[in-house]
Amino acid sequence: MAYLLSDIASLVDGKIVGDPTLLIHGIASIECAKKGELTFVGSPSYHKKAIETQASVILSVKKIAGVQKTFLLVPNPYYAFARVLSYFHPPQQRVHGVNSRAVVGQHVLLGEGVSIGPCAIVEDGVQIGNRVWLSSGVFVGRGSVIGDDTQIYPNVSIYDGVKIGKRVIIHSGSVIGSDGFGFIRHESAEDAPPKHFKIPQVGGVIIEDDVELGANVTVDRATLGNTVIGEGTKVDNQVQIGHNVTIGPHTLLVAQVGISGSVTIGHHVTLAGQVGVVDHVQIGNNVIVGARSVVTKNIENNQKVIGFPPLPYNKGLAVLSSLEHLPEMRKKIKQLEGSKKVK
Amino acid sequence: MAYLLSDIASLVDGKIVGDPTLLIHGIASIECAKKGELTFVGSPSYHKKAIETQASVILSVKKIAGVQKTFLLVPNPYYAFARVLSYFHPPQQRVHGVNSRAVVGQHVLLGEGVSIGPCAIVEDGVQIGNRVWLSSGVFVGRGSVIGDDTQIYPNVSIYDGVKIGKRVIIHSGSVIGSDGFGFIRHESAEDAPPKHFKIPQVGGVIIEDDVELGANVTVDRATLGNTVIGEGTKVDNQVQIGHNVTIGPHTLLVAQVGISGSVTIGHHVTLAGQVGVVDHVQIGNNVIVGARSVVTKNIENNQKVIGFPPLPYNKGLAVLSSLEHLPEMRKKIKQLEGSKKVK
Amino acid sequence: MAYLLSDIASLVDGKIVGDPTLLIHGIASIECAKKGELTFVGSPSYHKKAIETQASVILSVKKIAGVQKTFLLVPNPYYAFARVLSYFHPPQQRVHGVNSRAVVGQHVLLGEGVSIGPCAIVEDGVQIGNRVWLSSGVFVGRGSVIGDDTQIYPNVSIYDGVKIGKRVIIHSGSVIGSDGFGFIRHESAEDAPPKHFKIPQVGGVIIEDDVELGANVTVDRATLGNTVIGEGTKVDNQVQIGHNVTIGPHTLLVAQVGISGSVTIGHHVTLAGQVGVVDHVQIGNNVIVGARSVVTKNIENNQKVIGFPPLPYNKGLAVLSSLEHLPEMRKKIKQLEGSKKVK
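Residue numbers (numbering that gives the first Met the number 0), protein chains in the order written: chain X, 0 to 342; chain V, 0 to 342; chain R, 0 to 342.
Treat the hints as calculated values from the structure; they're not laboratory data.
Hints are supplied without guarantee of correctness; some may be wrong.
Because identical chains cannot be distinguished in the list, a pair is counted as satisfied if it fits within a single copy or across any two copies.
[Claimed, not checked] Straight-line C-alpha distance at most 20 Å; calculated PhoX-like pairs for lysine-lysine: (1) Lys61 x Lys330; (2) Lys62 x Lys296; (3) Lys62 x Lys314; (4) Lys197 x Lys165; (5) Lys303 x Lys197; (6) Lys314 x Lys330; (7) Lys48 x Lys303; (8) Lys296 x Lys33; (9) Lys197 x Lys162; (10) Lys34 x Lys165; (11) Lys34 x Lys296; (12) Lys331 x Lys194; (13) Lys33 x Lys331; (14) Lys194 x Lys33; (15) Lys339 x Lys303; (16) Lys48 x Lys339; (17) Lys33 x Lys339; (18) Lys14 x Lys47; (19) Lys314 x Lys331; (20) Lys303 x Lys34.
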């Protein structure tokens with residue numbers, strides 16, 4: 000597999016500085032690239048590596064002084080790199096059709112070109128769009144709907160009545176539509192201890208178009224109404240999304256984030272790894288929350304915060320870097336008090 | 000589906016203030032409720048919404064001034080609401096019987112009215128109580144026991160020799176009885192690096208009656224003896240419970256909590272989201288641990304704590320709200336020291 | 000099942016002080032052991048319990064004063080205990096062969112003595128070593144390789160092209176080879192909001208010999224190159240390992256640890272529970288990171304650290320124990336400032 004540099008340039012709308020007839024055999028990071036391969040430089044800090052790389056072509060914003068290579072100039076080299084990578088690695092061909100070991104219920108609507116793997120279970124009344132791929136061991140509960148071109152990896156569990164859009168990707172082990180954590184403590188009989196009565200979770204889940212959910216993600220169904228994940232939002236592994244949460248479009252949730260019930264999150268938000276959000280909080284649009292923060296209160300649009308509770312980013316970083324001085328600060332305060340008393 | 004208000008009042012032992020012949024068509028939150036629907040007001044902060052709601056009937060402790068609606072008065076409106084919700088949404092009817100694509104081993108005891116879905120695996124010597132529901136892709140290892148009316152959602156894995164009580168609910172992707180994390184570092188051959196020798200995990204897991212486990216929960220088996228989850232305890236998604244942990248009855252573990260080996264937790268405890276508990280710690284009864292705390296030491300009965308290490312709740316909150324002043328405190332100490340030296 | 004003490008002594012290279020013809024019926028903790036059973040004392044703090052135990056034989060470094068029992072003296076009692084436990088609980092016998100309800104693709108290489116459970120899926124071109132056990136519902140994607148004597152528990156998902164070594168153990172619900180969380184934000188059409196373009200994740204995963212992965216672990220495949228888990232490394236439940244991470248041999252990752260992309264971790268490292276590591280960080284050999292830390296920067300060999308950011312262990316502990324004084328420190332600083340101004 001090799002492509003003409005001129006074809007790759009057309010793909011990414013790039014300008015070649017050098018030989019357009021070069022044959023590109025592969026793509027690699029700047030450290031690993033070999034002769035005949037293409038790499039990219041996204042920031043000036045890589046200029047030294049650009050001098051040393053074995054790559055034949057470098058995707059870059061402009062020519063780099065001192066580098067005798069062919070350049071492919073584009074405004075966003077990393078994006079162009081990703082597009083070329085997609086070009087070299089087209090989506091895997093699936094075996095179409097319903098495997099004889101799959102189990103498909105009654106009144107199921109199947110689109111064209113659907114692939115359903117062995118031991119996948121599709122219950123009654125499910126609607127599956129065109130070219131959907133359900134891999135082995137996937138479970139889709141009654142009445143759920145899955146849009147065109149959606150891909151669901153092995154051993155994903157989708158409960159009843161879940162609505163999934165088009166071009167969605169869900170990785171293995173994820174669970175969509177499990178009951179929200181809703182219990183009401185009540186006194187039962189006079190001498191018996193208080194118990195937790197289960198609040199029925201009778202709402203749904205809506206996953207909009209172009210969402211990707213990582214591996215072992217959990218998304219609870221709503222008590223009433225819907226838990227919603229907006230269009231184009233990307234969710235990393237082991238994220239927990241509670242009941243009645245609403246997440247806007249094009250948001251990023253990094254690994255091990257936990258979102259409590261009834262939280263609202265805007266569009267183009269980023270929650271970094273292991274962030275927690277307490278229940279009923281509202282997070283605005285274009286917000287960035289730093290790693291390991293606990294969001295305890297509402298956050299306005301366009302804020303960048305970090306901490307527990309969250310602080311403006313620079314202030315939050317100053318707190319983190321001050322922490323190491325705490326024991327010595329305590330000692331100094333004692334000394335100051337002592338010198339005051341002595342006088 | 001509609002019910003007479005008088006029938007609903009009987010169900011929850013409530014007193015109608017208004018028309019008992021009203022037909023109730025549904026249940027909804029106070030913001031979404033429409034004519035013919037019932038909602039609830041659990042706290043005075045909702046009184047303004049009670050004036051605006053379209054609901055026909057309000058569950059409440061007492062009449063709310065200025066609201067011209069029918070009231071259904073009960074001591075615990077949220078509990079009553081949950082009970083009415085259950086009444087409107089009775090448990091789904093399952094298809095009884097063992098699906099032809101399920102795999103059931105030898106010497107398996109099956110109760111009456113059992114439902115086993117396609118691609119569920121029940122190994123040799125398992126005992127399944129009456130009306131148990133094992134959904135698709137569930138695995139139950141050799142010799143495990145499952146009590147009456149227990150419901151296990153798709154793709155749950157239950158290892159060998161696990162004992163599960165009655166009316167237990169386990170959501171998808173959860174794993175019960177995996178090996179505890181037990182290794183002993185030892186020097187092997189003279190020139191070889193130290194290695195970790197696996198300590199066999201030969202104990203069991205006991206899940207008592209009326210427990211609910213969320214999605215993608217993990218419960219490790221004991222090294223020797225048993226890991227125990229007490230009656231009526233409710234566990235949210237992605238909680239990790241280590242080997243030889245003992246959890247008392249009616250306790251709540253919120254999402255992404257992690258409990259290390261040999262921890263003991265009392266009854267009616269709440270561990271809020273993302274709490275961690277270090278190994279061998281003992282937590283008393285009626286304890287509440289705030290979100291994201293790390294429990295590093297034993298906690299007495301009836302304490303409410305938060306922090307890492309945990310502090311009494313108000314003190315812990317004061318620490319959290321003091322954190323933002325840390326950089327400015329450091330500066331002030333320097334100024335104070337400076338003014339002292341100058342003199 | 001009972002063994003002569005002299006046989007057990009040979010197994011662990013121990014020295015008997017007492018009767019070598021004793022029959023040992025079982026193994027138990029020092030509190031639970033009964034007559035005829037063996038237990039161990041690993042530290043002097045257990046000497047009081049050693050006096051009270053019902054055990055007939057105690058594994059110990061030396062005789063314990065005041066204890067009238069038979070001793071089995073070894074340099075590392077806990078290690079010896081684990082070995083005796085293994086002796087009493089030999090690995091379960093598996094039913095060999097490919098179950099008729101398993102699904103095995105084309106061009107699959109199967110070693111000798113392989114066990115494949117019902118509803119396990121082995122796709123085309125997979126290579127399975129000798130005596131490998133794939134339990135029910137396991138999925139192995141195209142072209143993956145699994146070494147001799149590896150054991151994979153129910154409902155594990157292994158994506159295409161993953162390489163797993165010999166004697167590896169993977170617990171239920173784990174996912175190996177899911178896509179790394181790689182997206183590049185780009186402006187699409189003029190009036191459309193920015194979107195996240197998926198960077199194809201076309202690298203692999205290599206799990207070396209003698210690794211154990213707990214339940215519901217996630218290991219992402221590399222963007223390019225490989226995500227690598229070194230020989231003998233042990234990973235607890237619900238750990239997340241990002242794309243292009245490299246972990247050295249004989250390292251321990253405790254439950255709910257999260258490791259971001261492109262992190263490098265050395266050999267014989269321990270990351271305690273719920274630790275997070277930010278992307279591209281390098282952690283040296285023999286490093287210990289305390290519970291709940293966030294590793295925000297490189298860590299040299301042989302360091303023991305704790306905190307966010309990580310501090311030398313004693314300093315980090317001093318910070319944690321100083322936190323509770325923060326509100327009172329703030330008050331004192333105000334008082335000191337006040338007294339200064341008054342003068």
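Verification of the supplied hints:
no.	hint	result
1	Lys61 x Lys330	neither (55 Å within a copy, 45 Å between copies)
2	Lys62 x Lys296	neither (47 Å within a copy, 32 Å between copies)
3	Lys62 x Lys314	neither (38 Å within a copy, 48 Å between copies)
4	Lys197 x Lys165	between (34 Å within a copy, 15 Å between copies)
5	Lys303 x Lys197	neither (38 Å within a copy, 24 Å between copies)
6	Lys314 x Lys330	between (24 Å within a copy, 14 Å between copies)
7	Lys48 x Lys303	neither (32 Å within a copy, 33 Å between copies)
8	Lys296 x Lys33	neither (51 Å within a copy, 30 Å between copies)
9	Lys197 x Lys162	neither (24 Å within a copy, 22 Å between copies)
10	Lys34 x Lys165	neither (40 Å within a copy, 35 Å between copies)
11	Lys34 x Lys296	neither (53 Å within a copy, 34 Å between copies)
12	Lys331 x Lys194	neither (51 Å within a copy, 46 Å between copies)
13	Lys33 x Lys331	neither (58 Å within a copy, 57 Å between copies)
14	Lys194 x Lys33	neither (66 Å within a copy, 31 Å between copies)
15	Lys339 x Lys303	neither (42 Å within a copy, 37 Å between copies)
16	Lys48 x Lys339	neither (59 Å within a copy, 53 Å between copies)
17	Lys33 x Lys339	neither (70 Å within a copy, 65 Å between copies)
18	Lys14 x Lys47	neither (22 Å within a copy, 63 Å between copies)
19	Lys314 x Lys331	between (23 Å within a copy, 16 Å between copies)
20	Lys303 x Lys34	neither (42 Å within a copy, 43 Å between copies)
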